[in-house]
Amino acid sequence: MHMVDMDMLHKVLDASSAQYTELRYHTRTLNEIRIVDGKVERARSVIKSGVGIRVLKYGRWGVSSTSIITRDELIRALEQAIKSASVKSYGSDTNTVRGLAEARLARGLFMPEINGRLEDHSIEEKVMIAREAEREARKGKDSKIKTVSSASCTYREMIDAKVILSSDGASAEVHDSKSEIVVTAIAGKGSMKVSASEGICVTGGWDDLFKDKDHLAIAREAAEKATRLLNAKQPKGERTTIILDPAMVGLLAHEAIGHVVEADFVLSGSIARDLLGKKIASELVTLVDSGTSNIVPNAAGTTLVDDEGVMARSVRIIDEGILSSYLHNRESAYLFGVEPTGNARAFEYDDEPLIRMRNTYVEPRDYSLDEMIKEVNHGYMLKGARNGQADANGEFMFGAEEAYLIEHGEVKELFKGVSISGITMDVLKSVDAVSSSKDFRYDIGTGYCGKYQPMKVDGGGSYIRCTAIVGGVQ
Amino acid sequence: MSRNSKKRGMISSRSSSSSGSKDNHKKKTSAKDTDTDLLEICSLAVNEALRLGASEVEAYASRSMNITAYIENNDLKHVKTNQPLGIGIRVILNKASGFASVNMLDVGKVKDAVYNAVSIARACPTDRYQRLPTNKDRMPILNGIYDKEVDNLTVEDIAKYANDMLNTAKEYDARVTVDSGLFESSSVEHAVYNSNGIEAWERVSVISWSIMGMARDDGTVSNFDVQIGSSHSIKGVDVIATAKEFASSVVGSLNSRKGESFKGMMIVTPNAFLELFKEPITFAINAFNVQRRASRFANMLGKRVAADTVTIVDDATYTEGIGASSFDREGVAHRRNVIVEKGILKTFIHNTYTASKAGRESTGNAAGGIASPPSIDTTNLIVDGGDMKYEDMIREVKHGIIVNRFSGNVSSVDGIFSGVVKGGQLVIDGGVAYPVKEMMVAGNIYSALKDVYMVSKERRLVLDSLLPYIAVDNVSFTTG
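So the sequence lines, in the order shown, correspond to chains P and W. Numbering-wise, the first sequence is residues 1 to 474 according to the numbering used here. Numbering-wise, the second sequence is residues 1 to 480 according to the numbering used here.
A few of these clues could be false.
Said to hold, decoys possible - Here are the simulated SDA-like pairs of lysine to any residue, each with C-alpha atoms no more than 25 Å apart in a straight line:
hint, chain 1, residue 1, chain 2, residue 2
1, W, Lys357, P, Lys279
2, P, Lys279, W, Asp218
3, W, Lys170, P, Val4
4, W, Lys148, P, Glu79
5, W, Lys263, P, Thr96
6, W, Lys111, P, Thr29
7, P, Lys139, W, Gln291
8, W, Lys95, P, Arg34
9, W, Lys160, P, Glu79
10, W, Lys111, P, Val4
11, W, Lys109, P, Lys139
Quick caveat, the hints were computed from the structure, so don't treat them as lab data.
The shape of chain P in the complex, shown without the other chains:
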């Protein structure tokens, strides 16, 4: 029994006059509980369903969608998409679609491994978990965390079911389950206040979410971090050596490299445009984007089948320092003469598939973290990811929650409010140490990547050492 009338979808597909047509039925249930200072700030359940339609006609895309799943309404939306593809106001033929690359199109049923279905846990249990975690952060017995004046805990889950059909043979039913818990603590002393967050997001079930640590441990970490940061100052701004923790490595992989190798960015003139096959990083750097959760399970960006119905595969973007692949959809793969990588992703039914990352990471090597620290005369150890951004010209920035000064091989004072910036290739070439797989983890899954649409992605690695500009005071 399908979640949507497959016969009706096939009939609409067959009725299309376009050279290529894609239908995506997507239903998402989003449940969220947010507790602030012991009160429920938000408890919601949101159902969003519909069919997204994308057609290719006269070498141009047209996109439409509807949440009303009747044959008449789907035909109306299809005709609207064809009308959009047929507009005449194109300034040039730069974006005329030359073709769609052959791909391993998905057929059948796909679902990630789930330990403990989220649907089998009651609203009451989820409310209780969030309340306990918030309370632990604010009123935990540990005397170190008495400084926390306010706390919040958000539990959120997204349960997806999709049917992806394309006129050239994709026919996949895809299920997904992602959940996250984030605790934020605000520590205060006089008029000084500082906030810190700790959280985890997984692709998987309830048991996967809490397999490494429980909600109370997450809460205590947030409270302790906020307390540590209370007395921290901003560092002096300078270009210096930095050691990045796995979350920061995930952010580096995502912001500094991942965005500039998205093939649509490349075609628009990103800095990676003419660099395929060239050395762009230290040979210690092997950087991968994968639809599967490699090395360790449950990464938040896990995507088995992309929204063009292409089987997602693992892509070595940088192979021992050499730029070896971009991230593609079927259109860009055709232009570059390569196999699609399964990176075409749409957030909800009314979003069109765009080239997006999934789980992006730097492969571990063989250094130990202790060795990496010992060799630093002056620099910073950066922990905990905040926001990041990258421009097509290769300039990127991202923020760290904690910055520990390293002097003469020893970790010293803690600083806060640090952002790092640099030019992608300069920073990648400066990598001179990458730690071993025992440090590896994914750790940016609680955030969302923005590119017209939000998207769940993840990133990580082990520790790496490189050089960049640390923003700070003069």
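Given the coordinates of chain P, assemble chain W onto it according to the supplied hints.
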């Protein structure tokens, strides 16, 4: 309150437009969502929740028609249409609140959502401050935020506007490369209905456009820039001006050089103001954050939070801004709220929940869409202009950086910011010396507000914010 008395709160902008009439409300809820009367389906949801035991219920529904043309790689990429619709139901039951939403308007799905909202409320602990607003007076009607001609725009029209913007930028200077952009029209109909007598409905149209990219010259790449425009009406669309501004900005930042690290004046453009100041200001004036003592402005009512050159107003009735509408997410009439007057904090912004806790009326700042219970946000954020011309401000600067855009992190709790200056220009002895690159800036927003040294006469409207140029002293700039 009797349901029959509820027509009092009706916003009649519907009858002021030729596209609708109150007769629409007499329509039966049809199986076809596109024809469903929003107030009627909201009322059905509210009654269903009351039947299930809720003490207070609110339904918010909306329906839009959107057309968007996307630009990529110096050409139009594609045109997209969508017609999102749906309803969000908030119930209060035994003083506990639950919320559910569905993006369909057929009766069965809406009743399922009501059942979900009630189930969630039953699973949640009580909170004695949970309540919904009550209808008191007829709400004022805001004119000038709906242009019925927007409903008639075709995919071809939208593509043409996008193309005009693109071609203007390309023709301005051959070195300009447009990385991406969009032109979007949106015609929105929204309604709120609650069990305390609130009943409001109106249409709003919004047209917005953006263009981003850089300039390239012999292997030199300029800073990346983005320019944005918006209007409620077709008459207000000016893609040419936006495209020229973008092109001139990126060409002007070609041949940028690395500067020196120093401490000096930061001249903040309206775009950079949005990226640096808007989020922390909005956080600090939000009564929810004040009540949980997370706001830097808690306990500061009536006290100085900014230099006396700074006056900040939140005004949903300012119809040029796209944050304008007649009522907020809870159906409370919008109004003009003076937040900071000559540096003194005058009020916080409230929804009904925080107002209930503070023992006062809501300021009409309940915010959000159909998929969330009401939060609190600004509507149109307006910073008053000063008495200096922008060019005179620059003349006053001995050593500073014009920050055209900011890409970085700002912590709303402690105000600390750190990030990259985009499109920066070094100012030495009252004149622009050269464009700078790879420059980072750091400081504290709440201190910076007190150090606003100059405010320009000129102001720019950026979506829902009307902002001047400001100059702040003692800011740290770092280059590598």
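Report the numbers of all earlier hints that the structure fails to satisfy, in ascending order.
Hints 1, 3, 5, 11 contradicted; others consistent.
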